[in-house]
Amino acid sequence: MPRLKPVTIENGSAEQKKVLEGVKARLGKVPNIYATMAQSSTTLAAFLQYGEALKKGVLSAKEIESIALAVGQENSCDYCLAAHTMMGKGAGLSDAEVLSARRGEGKDPRMQALLAFSVDLVRSKGWPSQEAVKGMRAAGYTEGAIVEATAWVAFNLFTNYFNHVAGTELDFPKAKDLEEERGCGAGCCCSG
Numbered sequence: 756m757p758r759l760k761p762v763t764i765e766n767g768s769a770e771q772k773k774v775l776e777g778v779k780a781r782l783g784k785v786p787n788i789y790a791t792m793a794q795s796s797t798t799l800a801a802f803l804q805y806g807e808a809l810k811k812g813v814l815s816a817k818e819i820e821s822i823a824l825a826v827g828q829e830n831s832c833d834y835c836l837a838a839h840t841m842m843g844k845g846a847g848l849s850d851a852e853v854l855s856a857r858r859g860e861g862k863d864p865r866m867q868a869l870l871a872f873s874v875d876l877v878r879s880k881g882w883p884s885q886e887a888v889k890g891m892r893a894a895g896y897t898e899g900a901i902v903e904a905t906a907w908v909a910f911n912l913f914t915n916y917f918n919h920v921a922g923t924e925l926d927f928p929k930a931k932d933l934e935e936e937r938g939c940g941a942g943c944c945c946s947g
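The numbering of the sequence shown is my numbering, which starts it at 756 and goes up by one.
No lab work stands behind these hints: they were computed from the structure.
List of simulated lysine-lysine pairs, BS3-like, C-alpha gap at most 30 Å:
1. Lys-779 x Lys-811
2. Lys-862 x Lys-880
3. Lys-810 x Lys-844
4. Lys-844 x Lys-784
5. Lys-784 x Lys-817
6. Lys-844 x Lys-931
7. Lys-844 x Lys-880
Treat the numbers as computed from the prediction; the structure is a model and nothing was measured.
Model the full assembly from the supplied sequences, consistent with the hints where possible.
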């Protein structure tokens, strides 16, 4: 059950309606995360602008979605895992790549370095290891790309935290548990 109520175009203030109509025009619908974030139209507008600006950077859509999946998994954000599973597939990630990203595992050295850095950044509360930063450089990421990866981790931390606070209702197909995806059962090494 949501802790914060979604805003609709019909019941929102003039400013909320303006932002939500922009979302609907761009996406064809207003996902619950945006409807709920519209409780502060200033926050929603800033969030959307931040994401649009970052998309103009050097990281690919696959890299951006892989970061979102890894961060969402680290923070147990069901909403973000559901949304970014769908968005990741839309960006060209295979089912196997979606699951690997959620585990923080890349299918090639470059993606592995990016995901290791992203997961390390989350787990260390923003104090990545020297190895994680060196790994990014060794994989060919520029200092600008490292800055962008950091910005995407922060962007996704916000959405994870927001969804936890709001109790945002899923409006995307629920992502399966990783153990379920592996076919794990009782007594498996994954079940602790």
